[in-house]
Structure formats: structure tokens, C-alpha cells
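Letter by letter, the chains look like this.
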Amino acid sequence: MIGQSPLRTFIAHAVLILGILIVAFPIYYTFVASTHTLQTILRPPLPLLPGGQLWNNYGEALFGGIGRIGGVSVGTLLLNTTIMALGVAAGKIFISILSAYAIVFFRFPLRMTFFWLIFITLMLPVEVRILPTYKVMVDLGMIDTYAGLIIPLIASATATLLFRQFFMTIPGELVEAARVDGAGPWRFFFDILLPLSRTNIAALFVILFIYGWTQYLWPLLVTNSNDMNTIVIALRKMVSFADADTEWHLVMVTAMLAIVPPILVVVLMQRWFVRGLVESEK
Amino acid sequence: MAPQLAITLVFFYWPAGQALYQSMLRQDPFGLRTKFVWFANFRKVLADPAYLNSIQVTVVFSLATAIVAMGVALLLAVMAEKAVRGKGLYRTLLIWPYAVAPAIAGMLWLFLFNPSIGSLAYLLRSLGIAWDPLLNGTHAMILLVSAAAWKQISYNFLFFVAGLQAVPKTLIEAAAMDGAGETKRFWTIVFPLLAPTTFFLLVVNTVYALFDTFGIVHAVTGGGPGKATETLVYKVYNDGFVNLILGDSAAQSVILMAIVIALTAIQFRYVERKVHYG
Amino acid sequence: MKFFGFAAGVAATLTLLSTTSAFAVTQISWWHAMTGANAEVVDKISKDFNASQSDYELVPVFKGTYPETLNAGIAAFRAGQAPDILQVFDVGTGVMMAAEGAIKPVAEVMTGAGMTFDKSQYLPGIVGYYSKPDGTMLSFPYNSSSPILYYNKDIFQKAGLDVNSPPKTWNEVWEAAKKIKASGAASCGYTSTWLTWIHLENFAAWNDVPWATQQNGLAGGDVELKINAPIFVNHFQALADLAKDGTFKYGGRTSEAKQIFLAGECGIFTESSGGLGDIVKSGMNYGIGQLPYDTDAKGAPQNTTPGGASLWVFGNKSDEQYKGVAAFFSYLSKTDVQEYLHQKSGYLPVTLAAYEATKKSGFYDKNPGRETPILQMTGKAPTDNSKGVRLPNLPQVRDIQNEELEKMLAGQQTAQQALDNAVTRGNAAIEEALEN
Chain A
1 MIGQSPLRTF IAHAVLILGI LIVAFPIYYT FVASTHTLQT ILRPPLPLLP GGQLWNNYGE
61 ALFGGIGRIG GVSVGTLLLN TTIMALGVAA GKIFISILSA YAIVFFRFPL RMTFFWLIFI
121 TLMLPVEVRI LPTYKVMVDL GMIDTYAGLI IPLIASATAT LLFRQFFMTI PGELVEAARV
181 DGAGPWRFFF DILLPLSRTN IAALFVILFI YGWTQYLWPL LVTNSNDMNT IVIALRKMVS
241 FADADTEWHL VMVTAMLAIV PPILVVVLMQ RWFVRGLVES EK
Chain B
1 MAPQLAITLV FFYWPAGQAL YQSMLRQDPF GLRTKFVWFA NFRKVLADPA YLNSIQVTVV
61 FSLATAIVAM GVALLLAVMA EKAVRGKGLY RTLLIWPYAV APAIAGMLWL FLFNPSIGSL
121 AYLLRSLGIA WDPLLNGTHA MILLVSAAAW KQISYNFLFF VAGLQAVPKT LIEAAAMDGA
181 GETKRFWTIV FPLLAPTTFF LLVVNTVYAL FDTFGIVHAV TGGGPGKATE TLVYKVYNDG
241 FVNLILGDSA AQSVILMAIV IALTAIQFRY VERKVHYG
Chain C
1 MKFFGFAAGV AATLTLLSTT SAFAVTQISW WHAMTGANAE VVDKISKDFN ASQSDYELVP
61 VFKGTYPETL NAGIAAFRAG QAPDILQVFD VGTGVMMAAE GAIKPVAEVM TGAGMTFDKS
121 QYLPGIVGYY SKPDGTMLSF PYNSSSPILY YNKDIFQKAG LDVNSPPKTW NEVWEAAKKI
181 KASGAASCGY TSTWLTWIHL ENFAAWNDVP WATQQNGLAG GDVELKINAP IFVNHFQALA
241 DLAKDGTFKY GGRTSEAKQI FLAGECGIFT ESSGGLGDIV KSGMNYGIGQ LPYDTDAKGA
301 PQNTTPGGAS LWVFGNKSDE QYKGVAAFFS YLSKTDVQEY LHQKSGYLPV TLAAYEATKK
361 SGFYDKNPGR ETPILQMTGK APTDNSKGVR LPNLPQVRDI QNEELEKMLA GQQTAQQALD
421 NAVTRGNAAI EEALEN
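Chains as they are written, first to last, in this note's numbering: chain A, 1 to 282; chain B, 1 to 278; chain C, 1 to 436.
It is worth saying that the hints were derived from the structure and are not from the lab. Nothing here was measured: the structure is a model prediction, and the numbers come from that model. Beta carbons are placed, not taken as given, at the ideal position from N, Cα and C, and that holds for glycine. Certain hints may be false.
What the hints assert, rightly or not - Cβ-Cβ distance ranges computed for the label pairs, FRET-style:
1. A:63 - C:52: 21 to 31 angstroms
2. A:184 - B:55: 27 to 37 angstroms
3. B:71 - C:164: 52 to 62 angstroms
4. A:182 - B:192: 51 to 61 angstroms
5. C:132 - A:63: 40 to 50 angstroms
6. C:246 - B:34: 47 to 57 angstroms
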């Protein structure tokens, strides 16, 4: 590593800490809210430090609160959400890495047309095409199924674009060398492209897992059975701004619960970035 | 490639085609009475002064959001690379806010952070700051850009970090031995190597600001005060999803799509040429 | 293609699982938008109804916010998968009424199932809102509320106001608000949720002045807004003047202002009767009064109108399903069920019998605030001005009103200009909506 002056290091730390304060504060504040009594939460301003209700609130929410209002046990909710998030992440990475591979490394007729056909899908969010998309799901019998939750969300181009950008940075010599070594397209893909894409796949997995995890409107539409609900839906069901009292302390606990699993994914996947660093320094 | 095309065709093009068809219809929400009107909806939308105002708002909003979100993320990513100690911890803390669902964020926003009613607003007011985004259009826009950019910082940060990892350390060390200062090293070596990532993020952030922000607008300002923060996509959402004027809404989303396709084509043609691959 | 195979397999398995459950009983689906404590009430009522008989199984499904639920219902209808019962919020009433081919009036559902349906047993103010001009009841009122006045007794005390007599007229509200602000008892005197619903729609009904022509749209046809009449202009100019120095504080277009009141920033507050729950739980020393009226109005106070939602029944279902729906609605009308609903959820009872029973039980002595909205709605027989408002595009018209009022409160235009603009733009939007 290159040496740095202490002042520059200090500035770097200061900027980072400020950044974290801005970016992470809302979540910290949610956690703070989840440790106070309902009465404290209802009379703003909320204190900046955690209160003493941590165990009471979490106990109440886990063993009654969420299930009572959501109608389904916390386990089922988390399981559904996990299946959906994993499905979306894995499915999207799988289809986009293949597409990007085809677009970048093969020459075939209408190549750019296909690229644009896929690419344009970036530009129409689910909410805007909701009526027709719903009709497709009904026609295919995919209401109340995991497939119905997952597949329509895979039809988008972000990941394809990212892999395309990345594959284009791979030097032509490497492709040539592989060809000279007699590696077929599939061996080239598995032995060279996949290992090289590891950091990108890890980054995408994090993004897509979270994307799948945080979906709200789509799962709300395609599930008619409470057993298929996700944690985000259950959370929204607990919150009422008008016309009903809301058990905010339990809501905050559920919000934390909805946030923690994706955080774990982020933390665990980070090892992949770090490993990528170590290897590139060899 | 076949799987993606198949999924795209069934779950995207078919519905999108229907949206196109819808844009030429006058129809009640339940689809009981339908009248085919060719381009009347488009003419109506384009002649509406509110729509033109909305275009203006959108340009300001999208530019500001993309610049803020990418600038802050790049700065943080570079700093995170520099900080030798606690690098992993910093990275983790900066990414995990991304884990908050927009549906939850909107709710928390209203409850805790809404500058007129949340706890933070209370603090601002007790400090004597005349902060009133509910009635002051400029304040509302600042608030909206902060909220939209806030949500995107973690995302951009993640990809900038991944991009920085890919920059060979040997190159930087070589430059350092040649006596290049840190700032110069960044702009002459690191930044050009980040170009593919930056380009990817530029496209994604533009699309994000234009399309994925109606939830934030809905939760934070609701397009108000007046029409000061009514962006194009919020108008599509509000007219179609809330007010159930399907024809207008579909026509607007077709126009919006055309705008973004044109924008992206331009980005690909002119910006990507300057992107340095490998 | 592996993934497709997996997905299809999962799909097939789930379809098998889900279709084996219902054979003997007819399932009745009910899509609703109830959250928080109200969601628990929905689940409890459904469970009790299912336990009370063995022919039908009521399945309640949460479908998001009111607009989300309405959209889900519309999407499902267009895909041929409409639920049996859909809960639609008050402003969506016009949309549902216009969709005559899609829905089946509740009155027909009940008589078709051979049940007698006596409208006189229901609270007239509520039933009128959900009926056609000829009196046919179209939807079943499930949750209704009405705006009332809340005040902070501690702040009243500090400001030297009588803690036991809340302001009755708007002029009294303005005076009390000024006194609160001037005495330093609180930083703001008065705030309100839902300016459109409370200060336009209910203001018109409560003062017995027209909000629009054609009985505020209930009689159908071409409707023109009347909200730029002098009584509205004076009211809003007073509000705009108070907003200048912060005596009136604007909180947002919907329920956001509740937080300002809960934080103890404002002394007086107008809000839906449904907002009572949070105020009680916050532990505030609060008082309740009727919605203030305008002393310039001859007929005031007349009656307030309901907000909330009602249950709509979709068309083209089997007779067996309609019988199930009818059975559920008559169960829902039972006095003890209504009593439970009213006392647990804070919504108004739909039947007179439930109101009388609740009164007898002494509930209102313990919870005086709960009776206020009922008295407001039942005090007098509704006039043409006070049955409620109905437009096919009420949400859009409310948006327009909010935009103009916000500009007024920001000091960019006078009340007269704001209301004139709201009328012009609103009328244009209504005309266009009627064309569709």
C-alpha cells in the first residue's frame, strides 16, 4: 500500500463518519423507536437514545403482535419473503449473465435489436403496467404461487446491462488465448468469465436480494391467500395513520425484523468483495 | 439469452403493448365502456399546461438527484478505500440502509422524518429554522431530492466499491513512484478505469429518477405544495393509479418511455464512446 | 430452463394444495384495506361469522391502502377474477356507482337471497351516502367516521381558556387560537387534517350550504362546484390570515396534522372521529367538541357527513355466493356485532339499535368522545346540501382543491382567487370525467 499522511486519513474517516450518520440514521432511529413505549412514540419528539422496552416490545411482537395483526406467523412471513428474494436474485442473475454473454461475445443477426429489446424493459415499472401484467398472471394460473411472485420481477434489464458493461472490459487477448487453448464457449464461460465476474455477481446478488425482499405492491396483488404474504405486507397491515390506533412500538419491531435479514446478506456477501481484493493484489 | 427474451416477451412486451393500446382509448376503470380515440389522449396531455410544468419539475429533480446520489457515493467509496482501518465496518454501515423497503421507508419518513410533523422537524423548529416544505416549493424540492438521493446512495456506493476493487493496485503504485499526487492519481488513473461503472450508474440513476421515484414523491410531498414537485412519473401514477384516468395515464407513460429511450440512446451513442473499456 | 421447470413445479404443487381445501362450503372472498387495530376487527368478525354457520366461509384478504385495494379489485375484475366483496373508500363511491355492469346493488343482493331489508333500521346519514338518488342502497356501509373537534386541556388552562367549553363556532376557534398563540401557551393555536373533507365538504353540509349543484352530485348529471360562495371565501380568508403568523398551522393534505397536535404544538385540532384512538393512547389531557359551525349560516349546525368506506358486491357471481354475501351482511347488521365493531374500532355504528344498545351499556359515559360524531350525524334529517358529495373523479377534484389552498396558505393568492381557481379547474375536470 501507498503511505498516506495522517491528515488525509483523518479527513477520510471524518467524511465516512458523516456519511454514515446521514445514511444510517433513519435505521438507527427506527431501532430507537422499537425500544420505547407506545406512549413515548406517540408524543413527538422521540428521544435520540434507546429506551428500556427492548425485551418487552420484541417479546410481545414475536409471540403475538405480528401474527395477531398479520394473521400469519412470523416464520411463514419470513420464509415467503426469503423464497421470493432468493428466487428473484438467483433468477435474474442467471438469465442476465447468459444474455450479456451472448450479446458481448457472439456475433449473430439482430444482436443489437435483442439487446435493445431487453434494455427497454428498464423503463416501465410494474405500477405503470399493472393491469395488463396482472391479467397475464391470471391467464397463466400464477396467482398465489411463488412463481407468480418471482418471475415478473425478473423481466428487467439492470443486471444484463451491468454484465454487459463488465464483459466489455475483458481484454480481447484473453478471449483469443482461450480460443487458442481450445476452450469451447461453455468452458470459457465457466472457467474464465464466471470467476472474473465474482465481485459483480456478489454486488448484484445483494441488490437483487434486497429488491426482491422489499417488494410491496406486486406481492400484494398476486397473492390472495394470507399464507403467501410477505413481511412487508404484514408490516403495512399493522400501520394505520388515520382512523385506527396503531401499536407503533410493535410496528417498529417488525420494521427491524424486516430490515435485519437483508442486512445479514449484505454483511455476508461483503466477504466476496474483500476476497476479490485480496486476489487482485497477488 | 432465450430465457430472458421469453420472460421479457411474456411479462413485459405483452403488457407494454396493452399499455400502448390503452393510450389510444377512453375507458372507464372497469373496462365497461371503451372508445377508440387514436391520438386524442396524447394531444390532450401535451396541451395541458400542468404537463409542461411537470416536465420542468422532472428535469430539475432528475438532474439534481443523479448528481447528488452519484457524487456522494463516489466520494464515500473513495474515502472508504482510503481508510485502512475499519474499512469493512464503514462499508457495511454504508450499505445496509439500502435494505429498507420503499414501502417501509415511506412510512418511517412520515412518522419520524417528515419535516413538518416528524421528530426531526421538531428539532429544526426548536432551533428556530423556518423550514416549511409543506408550503414552500423550493424547500419541498430540496427535501424530495434528498430523500430520493438518500435511497440511491447505498446502491451507487456498492458498485463504486466493486469498481474500485477492480482497479489494479500495481498501476496506482507505479504512478505513485512516478511522483503523481493523490488527486492526480485519482483523476488520471482511477476515474477513467471506473468509467464503465460510472456509465452503468449514470443510466441506472437516470432511469431511477425518472421512473422509480413516484413512491417517494407520494410519501414525501404528494406533488405539492401546489404542483411544485409533481414529476412526470408521479403524474402517471396519480392519474392512473389514484384518479383512475387510464387513457391519459397510459399516454403519459408512452411519452415518458419515448423520452427515456431517446435519452438512453444518446447516452449510449455519445457517452459510451468516451467510456474506456479494458 | 431449469428455473422454469422449478417454478412450474412449485406452481403446480401450490395449485393442487390450494384447490383441495374447499368442497362443502362456499367461499366468500372479502378484499379490504383495514390496518392496525381495525385489521384485527376484520379478522375477528370473519372468524365469528364462520363459526356461526357452516354453509359459507368468509375469507378476508388485506389488499393495501384504499387506492391499492380499489386498483386490486379493478385489476381482478378486468381479469375475470373479481372478489365477492370489495371495500371501497368514500371518494371511490362515484367510480363504483358509474360501473353499473360490474357491481350488484346490496339491496338486490339481500332481496335476491330472500332476506328482508329494512333501511329504516340504519343510520340515515350513512345509508343516504351510499344510495342511489331513488333510494336503492348500493353498498353496505362498513366503517364510517365524521370530523369532530379536539382540544388540549393543558394548553387551554395555560392560555386562560375555559377547559370545559370547547369553541362552538369558527369565530370562537379563531379567537381561542389567537389567545393560545398570544399567551405563549403553545406555538400554534389551531391545526386540521383533511382541509378538503373537513373545511369544504363537511363545512358545506354542517352549515347547510351547497358544495356543488345537483345535490352535491348525488342527483347525478352535470355538476358544478359552488365552493367560491362568500361563506367559503370568508372562512378560508380567515384561515389564510391566521396562517401568516403561524396561529393556524398547515400539516398536509391528509392526516399528517395529527402529529402536530399529539406533540402538543397546537391547542385546537379538527380531525376524523376515527383519530381518537391515538390521542387516547398518547396520554394527552384532551377534550372533545362538535365540529364548529359558521355563525353566518342560517341552518347551522345541520349535520355532518360520513367518511370511511363501504362494502361493494361484484356482479356475475353464483346465487350461492350471493346468498353467502347476504348472510354475512345480515350477520354484520346484528346489534351485538355492530356494538363490537363500534366500540372496538372507533367507527360509527351502522344501525340505530346498536347505537341505543351502546348508549344503554354506559359506554358513552366512559367514552364521551365516541357519541359526538353520531349526534352530529343524526341530529337533523339530511337536506340536499348535507347528504354527502359524489363525483366520478372526487380524488382528482380534491387534488385540485389542495393545490389551490396550498398556494393560498403560502401567501401566493387570496382565498377568493384560490376558490375561484378551484371551481374553474374542478368544473373542467368533472366535465371531462363525465365524458368518459
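Exercise for review: If any of the earlier hints don't hold here, list their numbers in rising order.
Suggested key: The structure breaks hints 2, 4; every other hint is satisfied.
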